Amino acid sequence: MRKLFVLFTIALALIISGAALAQDSEPQYAGLDMDLSGITIRMATIGGGQYEAMYGSIPVFEEATGARVEIVALLDGFAIDQKLKLDFATGAVDYDVAWDHTSFVAQYVPFLEPLNPYFTEEELAQFSPAILDAATINGNLLLIPRHADVSALHYRADLYNNPDIAEAYRAATGMELTVPTTLEEIDRQARFFVQNGYSTYGYGMAGKEEALTGRFYEFLFASGGALFNENFEPTFNDAIGVQVATLLREWYRDGILPPDTTSLLWDGDAQNFCNGDVALKLEWYGWYSYFQDAASCPRIAGNFGLARGPIGFDNPGATHTGWAGAHAFSIPAAAQNKQAAAQLIKFLTSERVAYEEAQLGFLPVRDDVWARLIEDASRSDVELNRIRLETARIQINEDFRTPPLIAEWIPFSNIFFPQLQAIILGDVEPQAGLDAAAEATRQLMADAGYYN
Amino acid sequence: MISGAVAPRKRLNIVLTNTLAWIVLIALALPALWIVLTAFRPASEINASPPIWIPREITFDAFATMFGLNPNVRQRVAVERYLINSLTIALISTTISVAIGTLAGYAFARFKFRYHTTAFLLLMFSRSIPGVALSLPLFLLFVRLGLVNNLLGVSFVYVAINIPFTVWLMDGFFRQIPYDLTEAAYIDGCSHWQAFWRIDLPLALPGLTTAAIFAFLASWNEFQIASVLTRSVDARTFPPGLFVFTEQFTVDWRGMCAMSVIMMVPAIVFVILTQRNLVRGLTFGAVKG
Amino acid sequence: MILPSFVLILIVTGFPLLYSIYVSFTDYNLLRPGSDVFRADIMFRNYERLINDPIFRRSLGNTILFLFVTVNLEYVLALGLSQLLARVTKGQGIMRTMLMIPMMFAPILVGFQFRWFFNAEVGLVNNALLSLGVTQTKIAWLVDEPLGMIAIMIATIWMNLPVTTIILLAGTLSLPSEMYEAAEVDGAGAWQKFRHITFPMLAPFTYIALTIRSLDVARAFDIVRMMTDGGPAHRTELIWTYVTRLAIEDSRFGMGAAMSLITVVISLFFTVYFFRQLVKVRIVQ
Chain A
1 MRKLFVLFTI ALALIISGAA LAQDSEPQYA GLDMDLSGIT IRMATIGGGQ YEAMYGSIPV
61 FEEATGARVE IVALLDGFAI DQKLKLDFAT GAVDYDVAWD HTSFVAQYVP FLEPLNPYFT
121 EEELAQFSPA ILDAATINGN LLLIPRHADV SALHYRADLY NNPDIAEAYR AATGMELTVP
181 TTLEEIDRQA RFFVQNGYST YGYGMAGKEE ALTGRFYEFL FASGGALFNE NFEPTFNDAI
241 GVQVATLLRE WYRDGILPPD TTSLLWDGDA QNFCNGDVAL KLEWYGWYSY FQDAASCPRI
301 AGNFGLARGP IGFDNPGATH TGWAGAHAFS IPAAAQNKQA AAQLIKFLTS ERVAYEEAQL
361 GFLPVRDDVW ARLIEDASRS DVELNRIRLE TARIQINEDF RTPPLIAEWI PFSNIFFPQL
421 QAIILGDVEP QAGLDAAAEA TRQLMADAGY YN
Chain B
453 MISGAVAPRK RLNIVLTNTL AWIVLIALAL PALWIVLTAF RPASEINASP PIWIPREITF
513 DAFATMFGLN PNVRQRVAVE RYLINSLTIA LISTTISVAI GTLAGYAFAR FKFRYHTTAF
573 LLLMFSRSIP GVALSLPLFL LFVRLGLVNN LLGVSFVYVA INIPFTVWLM DGFFRQIPYD
633 LTEAAYIDGC SHWQAFWRID LPLALPGLTT AAIFAFLASW NEFQIASVLT RSVDARTFPP
693 GLFVFTEQFT VDWRGMCAMS VIMMVPAIVF VILTQRNLVR GLTFGAVKG
Chain C
742 MILPSFVLIL IVTGFPLLYS IYVSFTDYNL LRPGSDVFRA DIMFRNYERL INDPIFRRSL
802 GNTILFLFVT VNLEYVLALG LSQLLARVTK GQGIMRTMLM IPMMFAPILV GFQFRWFFNA
862 EVGLVNNALL SLGVTQTKIA WLVDEPLGMI AIMIATIWMN LPVTTIILLA GTLSLPSEMY
922 EAAEVDGAGA WQKFRHITFP MLAPFTYIAL TIRSLDVARA FDIVRMMTDG GPAHRTELIW
982 TYVTRLAIED SRFGMGAAMS LITVVISLFF TVYFFRQLVK VRIVQ
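Protein sequences appear in the order of chains A, B and C.
Its first residue numbered 1, the first sequence is counted upward by one per residue in our numbering.
Its first residue numbered 453, the second sequence is counted upward by one per residue in our numbering.
Its first residue numbered 742, the third sequence is counted upward by one per residue in our numbering.
Honestly, the hints are just simulated from the structure, not real lab data.
None of the values given here were measured: they were computed from a predicted structure.
Take the hints with a grain of salt, since some may be wrong.
[What the hints assert, rightly or not] Capping the alpha-carbon separation at 30 Å, the derived lysine-lysine pairs in BS3-like fashion look like this:
(1) B/K564 / C/K1021
(2) B/K462 / C/K831
(3) C/K934 / C/K1021
(4) A/K338 / A/K83
(5) C/K831 / C/K934
(6) B/K462 / C/K934
Please model the entire structure based on the sequences and the hints provided.
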């Protein structure tokens, strides 16, 4: 009976895929080719409106494989991270598929199942090699990416389309007002916009937690600096680090940044851009549909632009910004149904599901999905849709930089960001603040056994 | 104080007192009012700059979405489940902690025994251990005992958390009752138990009510332990449920406020039903006098 | 009569306490299996580091300040409000219910809301101050020192004022009325009645309220966590925000446990102090 069913499913899959091949335009599901009747796959994953849309496709998987999928936790990124940590530490894992993220995966290493045995080369071929690389620790692939994000320069388009402002800028600086491509240009233009009253604030950024650490990190590497050297000794308190920290401090002092920057997280920061109070900012593509929605952001919907991240300060090794990361799925080592879990992950990261999710504005991690999106965008009336995808693709291919893949990333960030805040607020001098953070970081890394 | 002929000056005083009380209470309720208004606003008015003080239209969208009545949005919150879980946990833990705590409070107030002071201090001390320090070891313990994701398990913890407060409060109230009354009851042939049940307990009703209200609301609103000990919708209470509205980058303010409004209804009902006993305590006091 | 209370409390808090004490002498990291094994060379390391940690000292100072101001201010306001409510002649029931409204919101929601009330750009507080002309510039409430501290105090007091008020109100209502009648016969005014009858008679309730609120303020941190989470630059760092960041976010549970225990010891002193006061008040009676 079961054999018959399997044969039938395979035949069905063949027919469907055959039909699809004939049409050559239908994106494909994957992971449906195994009979999983009677198995319940439990999943702990990220929740929230946009993230949850994907889970709507799960009935297709249940129908085809006979498995039952139960979502046991739907939490936001930081909450699910804390849940995973507690569960891993106490052995309370009762799920087969877990949310994961390239910035977090290094913490979970001892508790994750290596995925190499469950995926063929062919199945992995479509995924971005840079992301798979970032997810391979000690030769073990620990996650399968779902979608990616990278920070891009967002700007208020009205400031750059207005001939009067352009004229005033030329008069003031002797330069043309074009969308900035370097940190120095951002500095010059942001100051100009604020000093002449064209924009309330020149630059916007989230000013606490990992959000702040990450923004510093990308300015730092874009200016040729680094958080750590190859021995994981902190190097962010060198001249470049001081240069970046001083820039942020002066921006804050001069009113380029909103006065409550250090209390803002993603939502508060994005709200300022949404309200049209901020001229320039580095921001995730993930906000695109929100900013383009005239109901939530009437001031900037249809009135903002996107560009590749700027090049940092002019030091050796300077490059484009591009703090990046990818949401993903993993299988806990303590999972009950690992093979079934792998099948569900194959399905959730399949071309079809990924393509559907990309419709919401997420950046895909599969080449086949990219190809489809770019083709779709070429038919769109909104020019920014096309620019967005082109820019994003360049960034994902060339500027994709994850934070250091160490389990101590979050503990490091929790040491670092309050010190940077103190520098920004003027409580401490840049060099002294960074030195203090470096000292505490060194102890953290030593405790973790990095210098043995 | 209330009865008797009312002189004009006294009448003015009463009017002033009442007015002042209303002003203070309304001021105190303003932030709450804002939360309620947010639940009924159109989404675009929330966090608008410049602000929109009075909603231009009232919408029930947030509630419709929550109860799965909005065809465009998948239902994300098992409100009914949360309601049942929260009520079960709050009622069980309130009943038990008030019952046990009142007995202990009575014992502390009326009887002398060895280690009286030490026991009393230990109780209080147990309340000083913070949730962070409690939650992980408790989780370890409860996993072994099979009490994780279990309504009784959570109730159990809340009982323990609420007891010290109840004991202290009840001890205070029982001490307030003149011992002559209890003694008179003994002379009339009452047992300890009868004296407690007929004389002391009714007179301490304002204290009992206070303790019950606090225990109920503390259990109703507790977040930290609930978020660790409840692992699925089967046992989750409202406060961890509120977190469904926070997303990676944004917060659904309206949804959160709407859920808080729903959360408030049973709490208000409970308070309205029980707070009468504060008055009754007063009348008992008057009878006694 | 006392036994059931103790059995329950021992299970729920006794085990966690012992476990925390043990773990505080290790370098337990949640995500490093085996790190909870005791090692002689690490024994007092957590405590040594804490004593030398300027952030810990700062958070301790902040916590004490927060505790002192919040509990005292709350008490004074609650005392006034409870006396006002005790005299109200009409609508006591509605008023009491209204009074308890702030308690009916989960602290995490209150924290979220007050973060937005105090937001510099779109927050209600700034908008109100600007439209009333009190200020011309947007105040960065949650960033400023000491305004950030004041903001979290306001939210905490708002949420917990009813707790203290109810205790004092219930206490006032339970006072024997014959004492007032006697005082009235003697021609005492309202202030004298309060000064010489109500306030001294309320003393046990005062200490109960102060003790409970001190312990709760010292541990309650949902509101602070949501509003400032100790930031920026540790300006509003309380012990609990710091412990949570270390123990859960950073997985450094051993260190977190050590810090918790230090504060438990401090709470113990508070408790004993208030208890002594309470006993004194009883003897006076």
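Consistency of the hints with the structure:
1. Straight-line distance between C-alpha atoms of B/K564 and C/K1021 comes to about 17 Å, which keeps the hinted pair within the 30 Å bound.
2. Using a Cα cut-off of 30 Å, the hinted pair B/K462 and C/K831 holds, with the two alpha carbons roughly 15 Å apart.
3. For the hint pairing C/K934 with C/K1021, the CA-to-CA distance comes to about 22 Å; that is within 30 Å, so the pair holds.
4. Our distance criterion of 30 Å between C-alpha atoms is met by A/K338 and A/K83, whose separation comes to about 20 Å.
5. For a cut-off of 30 Å, the pair hint linking C/K831 to C/K934 stands: about 22 Å separates their Cα positions.
6. Distance hint between B/K462 and C/K934 is fulfilled; the C-alpha atoms sit about 16 Å from each other, no more than 30 Å.
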